[in-house]
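Sequence order for the protein chains is A and B.
In terms of this note's numbering, the first sequence opens at residue 4 and continues consecutively.
In terms of this note's numbering, the second sequence opens at residue 235 and continues consecutively.
Don't read these hints as lab results, they were simulated from the structure.
Predicted model only: the values in this text are computed from it and were never measured.
Honestly, I wouldn't trust all of these hints.
[Unchecked claim] Stretch by stretch, here's where chain A covers chain B in the computed footprint (C-beta under 8 angstroms, at least three residues): (1) 302–308; (2) 506–518.
[To be verified] A few chain B positions that, by computed beta-carbon distances, are all more than 10 angstroms from chain A: (3) Asp375; (4) Gly411; (5) Pro428; (6) Gly436; (7) Gln443; (8) Arg444; (9) Gly445; (10) Val491; (11) Gly495; (12) Ala527; (13) Ala552; (14) Ala560.
All residues carry an ideal CB built from backbone N, CA and C; glycine is no exception.
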Amino acid sequence: MSLGLALIWLGLIVIIPLGALALKPWELGPGGVVEVLLEGRTLAALRLSFGAALLAAGLAVPLGLLFAWVVVRYRFPGRRLLDAAVDLPFALPTAVAGLALTALFAPNGWLGAPLEAWFGWKVAFTPAGIVVALVFVALPFAARTVEPVLRDLPPDMEEAAATLGATRAQALWRVVLPSLLPAMVTGFALGFARAVGEYGSVIFIAGNMPMVSEIAPLLILVKLEQFDYAAAAAVGLAMLLLSFVILLALNLLQRRLRRAAA
Amino acid sequence: MNASILSRRVLVAAAPALVATQAAGQGAAQTLLNVSYDPTREFYREFNASFAAAWATRGQARPNISTSHGGSGRQARAVIDGLQADVVTLALAYDIDEIAERGIIARDWQRRLPNNSAPYTSTVVLLVRRGNPKQIRDWGDLLRTGVSVVTPNPKTSGGARWNYLALWAWALRQQGGSPQAAEQAVTQLYRQVPVLDTGARGSTTTFVQRGVGDVFLSWENEAHLALQEFPQSGLEIIYPSLSILAEPPVAVVDANVDRRGTRALAEAYLQHLYTEDGQRLAAKHHYRPRDAAILSANASRFPGMELATVDDVFGGWANAQRTHFADGGVFDRIYRPRR
Chain A
4 MSLGLALIWL GLIVIIPLGA LALKPWELGP GGVVEVLLEG RTLAALRLSF
54 GAALLAAGLA VPLGLLFAWV VVRYRFPGRR LLDAAVDLPF ALPTAVAGLA
104 LTALFAPNGW LGAPLEAWFG WKVAFTPAGI VVALVFVALP FAARTVEPVL
154 RDLPPDMEEA AATLGATRAQ ALWRVVLPSL LPAMVTGFAL GFARAVGEYG
204 SVIFIAGNMP MVSEIAPLLI LVKLEQFDYA AAAAVGLAML LLSFVILLAL
254 NLLQRRLRRA AA
Chain B
235 MNASILSRRV LVAAAPALVA TQAAGQGAAQ TLLNVSYDPT REFYREFNAS
285 FAAAWATRGQ ARPNISTSHG GSGRQARAVI DGLQADVVTL ALAYDIDEIA
335 ERGIIARDWQ RRLPNNSAPY TSTVVLLVRR GNPKQIRDWG DLLRTGVSVV
385 TPNPKTSGGA RWNYLALWAW ALRQQGGSPQ AAEQAVTQLY RQVPVLDTGA
435 RGSTTTFVQR GVGDVFLSWE NEAHLALQEF PQSGLEIIYP SLSILAEPPV
485 AVVDANVDRR GTRALAEAYL QHLYTEDGQR LAAKHHYRPR DAAILSANAS
535 RFPGMELATV DDVFGGWANA QRTHFADGGV FDRIYRPRR
């Protein structure tokens, strides 16, 4: 009974829509689908979306670890507020985040102006801006997956390492980090999955130049604006398959790490 | 942008409820949904009130009119996907053609109302910063190196397509003008565009509030709105020697009004656009009215300039779309990497 209900909901919410997506592109014929996907602009958009999402997830993991470490290991006024604040990117409408980040990093923004004047860095309206927006949305995943594991990690393991002659750095590197690694991989996977399909926050800061800063979800929208539903679905299907392969690989990696730790 | 998608979903969900209440009583107030594009917000807010009052004086119950706004192409797609619009008032004929293609609007829609079913017109102007520091006078000045131009993506914005076509029409008219020269001109222009927003309003924000770019290619009415909204910014409107005659068309959505029994209301709504009241409101909101008397009464805000039409220069929207904006068209060539 409960299995049946679960399957029905899974079917209605996940499998049927994704199935429709998988069927739509073939209206173009196999040759047509390949042509859409191998077009320079499509390849550039996919490379950018996946590259930026992987980079952003990679940046979010150490930042999230740092954050979790501070919240779990230190006692200071405002700790609970800080703890709650990291969840804000979950709740904030992404368009709001995108507008705020763009205003901040625009050439006349509070951060954008000094960055450009002192270092010559342009952030808003370049691929760097895309990574900034994606780190913002991926960060809570990285922090929230590591935090409970860190909380459960008893300090006596580090103390035991110290009595056995390990330095602080050795204890962190050989004792703490290996036990956190599976959680960090999970955080990376979740952050990546969130970032790769992100549209709302990116679109304001990206600049959206074809071949340079045009993300794959925007390309899908461009195809839809031309009433080309099948080509849009082809790009969507490619994103789906690529994401699936990456997430599957991360899942296997995480399982292996967990087994190695046990 | 997200808000408009959300409101449209709500409207789609609410549509069956509206039909139900309307069937309940004969003299009950009818509802009308006008699906429009981005920069018409302020105009239709006032026009709806004017029409409702006029309709009420004919002894009818005052109708409830709602208007939804968004990118023209996206709005057309919502109607194709089942949004119960009674009338569409979009940025270009091509978008209404796409709806007609699917049998939701009669194919001869453009001949049903005067002036190609476009009750008001607009054009593309150049918006520059205080004092016009880059000395922009005409399209040619945009192509100088070091001039940075803001315009939305023609792939996603109807307004951006008018911008592109205006430059093309100007380039054809220059000495030695040819399609090759025109393609060179648009290629050069888009190389100087630092940000391609998806819609006209997004570009306005990028130019006015983010301070990006030296020139903004804008709808005439949007340019006036920007001056009104940001009077301290010192923005100036430059009228180029030649621009394009933009004819934003309107049509009754036949399939929907027949099902909902709102045809009389919807037709009267569109006809009201051609009345003195409608034309005066269009002029007030910086659309060029068709009515010659009202146009000349507002001549100071609508300086005379040469306006090329899409039909004359490009052989109609279907042609322009196929040649310039479809996949593999001229616009795509601009961004193809040079090998």
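*Would you list, in rising numerical order, the hints stated earlier that this structure does not obey?*
2, 5, 6, 7, 8, 9 and 14
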